[in-house]
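**Q** Single-letter residue listing:
Protein chains: 2
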Amino acid sequence: MRICFVGDSMVNGTGDPAYLGWVGRVLQDERRRGIELTGYNLGVRRDRSDQIRARWRAEVEARLPAEFEGRVVFSFGANDAVQEIPSAATLGHAEAILAEARACWPVFMVGVVPIETQGARGRCGALDRAFASLCDRLGVPFVSVFDGLMATPVWRDEVRAGDGAHPAAGGYNRMAEIVLASSAWQRWIRSAA
Amino acid sequence: MRICFVGDSMVNGTGDPAYLGWVGRVLQDERRRGIELTGYNLGVRRDRSDQIRARWRAEVEARLPAEFEGRVVFSFGANDAVQEIPSAATLGHAEAILAEARACWPVFMVGVVPIETQGARGRCGALDRAFASLCDRLGVPFVSVFDGLMATPVWRDEVRAGDGAHPAAGGYNRMAEIVLASSAWQRWIRSAA
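First to last, the protein sequences are chains A and B.
Residue numbers 38 to 230, in the working numbering, belong to the letters of the first sequence in order.
Residue numbers 38 to 230, in the working numbering, belong to the letters of the second sequence in order.
Because the hints were derived from the structure by calculation, they are not lab data.
Cβ atoms here follow ideal geometry from the backbone N, Cα and C, with glycine treated the same way.
A few of these clues could be false.
Unchecked claim - Distance ranges between label pairs, derived from CB positions:
id : chain 1 : residue 1 : chain 2 : residue 2 : range
1  : B       : ALA95     : A       : SER228    : 26 to 34 Å
2  : A       : GLY159    : B       : ALA188    : 51 to 59 Å
3  : B       : LEU175    : A       : ALA140    : 39 to 47 Å
4  : A       : GLY159    : B       : ARG197    : 51 to 59 Å
5  : A       : GLU137    : B       : LEU175    : 35 to 43 Å
6  : B       : ALA198    : A       : GLU121    : 47 to 55 Å
7  : A       : MET187    : B       : GLU98     : 33 to 41 Å
8  : A       : ARG166    : B       : ALA188    : 54 to 62 Å
9  : A       : ARG224    : B       : GLU73     : 32 to 40 Å
10 : B       : GLU137    : A       : ALA198    : 37 to 45 Å
11 : A       : ILE72     : B       : ARG69     : 24 to 32 Å
12 : B       : ARG197    : A       : PRO123    : 53 to 61 Å
Assemble the whole structure, with the sequences as input and the hints as a guide.
**A** Now the structure itself:
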C-alpha cells in the first residue's frame with residue numbers, strides 16, 4: 038500500500054535530527070507489525086491550507102497510480118492559525134481538499150499541533166476542534182493530537198529548546214505514539230480499501 | 038538550507054525498514070557534522086526521466102521559496118534502463134531538467150544504481166557513464182555510485198533477499214557512505230550558494 042502524507046512542517050519532520058518525524062516513525066512501527074507501506078512525505082514548511090489545496094492533487098496523482106492501493110493522510114492548520122487566517126477560510130479549504138480526496142482514495146486526517154508562537158496555541162486548539170467536526174460530518178476518520186501533545190513535557194521542552202515551534206526526536210516520537218494508539222488510525226490502516 | 042531530492046524509488050528509499058533510504062542517512066550525517074538541512078524527498082517509484090521532467094519544477098518551486106537558500110539533488114535513470122528507453126531520449130530529458138534547474142538553484146546529481154532485473158545492469162552502467170559526461174559538460178557536480186554498489190556484498194544480498202531491485206537498510210547505508218565520501222558532494226554541500 039502506498040500512502041501520501043500531505044501537510045506542513047510537522048509532516049516534514051522539521052527539527053528532528055533523525056529525519057523521521059512522526060510520519061517515519063508511524064511507517065517504521067506499522068512495518069514492524071507486518072504492514073509494509075511505501076510512504077510519500079509531502080509536508081512543506083509554512084504551508085497553509087490554501088497552498089496545500091493548490092498542490093496536493095497533482096503531487097498525490099503522481100504517486101498513487103490506479104493499479105496499486107493508495108491512500109492519503111492530511112495534517113495541516115497550524116500555519117493558518119499562526120498567520121490568523123479566518124477559520125471560515127481554512128475550513129473551506131479543508132472541506133474542499135477532503136471531499137475531493139475521499140472521492141478518489143481512502144483519506145485520514147491528523148489534527149492540529151499546538152504552536153506556542155505568536156499566541157497561536159488557542160487558535161490551534163479551536164481549529165483542531167473544528168476539523169474534528171468537519172471530519173465527522175464528511176465521514177473522514179480523524180485523530181486529535183492537541184491535548185496529548187500539550188500533556189507531553191518532552192514536546193514542550195524540545196520546542197522551547199529548538200526554534201520555538203518544532204520539537205525534536207522525542208516530541209515527534211510521542212506524536213507517532215498518539216496516532217498509532219488511536220482506534221481511528223488502527224481501524225483505518227487495517228481496513229480493506 | 039533546504040534541499041529537494043528528486044528522483045525514483047531509490048530516492049524514496051523503497052524497501053528500507055528504517056524509512057530513511059540513502060537520503061535520510063545523508064541528512065542525518067550532515068547534521069551530525071553541523072549542517073542542519075531541511076530535506077524534501079521527492080522520489081517516486083517507477084518514475085522515468087520523462088515523468089520527472091513533467092513534475093519536478095512545480096514540486097521544487099512549492100518547497101524552495103526565494104527567501105531561503107535552496108538546492109536540488111537529482112537521481113534517476115534506472116527505470117529508463119529497465120524499460121529500455123532509448124538513451125538519447127533519457128539524456129534529452131536529463132539535460133533539459135539539469136539545465137533548467139541550475140539556472141535557478143545549485144544542482145547536484147547522483148548517478149544510476151545497478152538494477153539486476155530484466156538484464157538492466159549493463160544499461161544502468163552505460164547510462165551512468167553518459168550522465169557523468171553530461172554533468173561534466175553542464176558543470177553539474179556528479180557522483181557515481183554504480184561501481185561502489187556493485188562491489189558491496191550487502192547491496193546485492195539485500196536486493197536478492199528483497200524484491201529483486203531494492204536493497205534494505207545496509208544497502209542504502211552504503212549508498213549514503215559513497216555519496217558522503219565523494220569530494221564532489223563535500224565541496225558542493227559546503228560551498229556558498
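**Q** What are the numbers of the hints that this structure violates, sorted from low to high?
**A** none
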